[in-house]
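Build the full structure now, drawing on both the sequences and the hints.
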Amino acid sequence: MWWRGNGLWAGLLVALIVAGAGKAGGHPGTAAGLAGSAGLIFFFRESIGAESSLYSVPVRFWPPALLVLSVLAAFGK
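Residues 1 to 77 (this note's numbering) are what the sequence shown spells out, left to right.
Quick caveat, the hints were computed from the structure, so don't treat them as lab data.
Don't take every hint at face value.
To be verified - Label pairs and their computed distance ranges (CB to CB): (1) 75 with 8: 24 to 32 Å; (2) 1 with 26: 31 to 39 Å; (3) 74 with 1: 31 to 39 Å; (4) 77 with 50: 30 to 38 Å; (5) 61 with 1: 13 to 21 Å; (6) 20 with 42: 32 to 40 Å; (7) 4 with 43: 14 to 22 Å; (8) 23 with 75: 31 to 39 Å; (9) 25 with 1: 33 to 41 Å.
Because the structure is a prediction, the values reported are computed rather than measured.
Just so it is clear, CB atoms sit at the ideal spot from N, CA and C, and this is done for glycine as well.
Structural data, given as structure tokens:
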């Protein structure tokens, strides 16, 4: 199984937010969607569950990774 706990639902939530923001705002929207997703995952990490993961990456590591991706998307070409 490639997810554990609520990791699949958290991944779908992140994907929908990033795709929607990217569709609405283009390249800057993608960066904003990644940052917004990081905030949501950070605030709801206890509700999602500490043991939740997607592709063996625990949800607790997602906010920093999403913020790094947001900065790269914002300042990338």
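Here's how the hints hold up against the structure:
Our hint of 24 to 32 Å for residue 75 and residue 8 holds, since their Cβ atoms are close to 31 Å apart. The given range of 31 to 39 Å is respected by residue 1 and residue 26, whose C-beta atoms sit roughly 36 Å from each other. The given range of 31 to 39 Å is respected by residue 74 and residue 1, whose C-beta atoms sit roughly 34 Å from each other. The hinted range of 30 to 38 Å is satisfied by residue 77 and residue 50, whose Cβ atoms lie roughly 37 Å apart.
Checked against the hint of 13 to 21 Å, the C-beta distance between residue 61 and residue 1 comes to roughly 19 Å, which is consistent with it. Here the CB-CB span from residue 20 to residue 42 is close to 19 Å, at odds with the stated 32 to 40 Å. For the pair residue 4 and residue 43, the beta carbons lie near 21 Å from each other, so the given range of 14 to 22 Å is met. Range check, residue 23 to residue 75: about 21 Å between beta-carbon atoms, so the 31 to 39 Å window is missed.
In this structure, residue 25 and residue 1 meet the distance hint of 33 to 41 Å, their C-beta atoms being roughly 34 Å apart.
Checked against the numbered hints listed earlier, the structure breaks hints 6 and 8; every other hint is satisfied.
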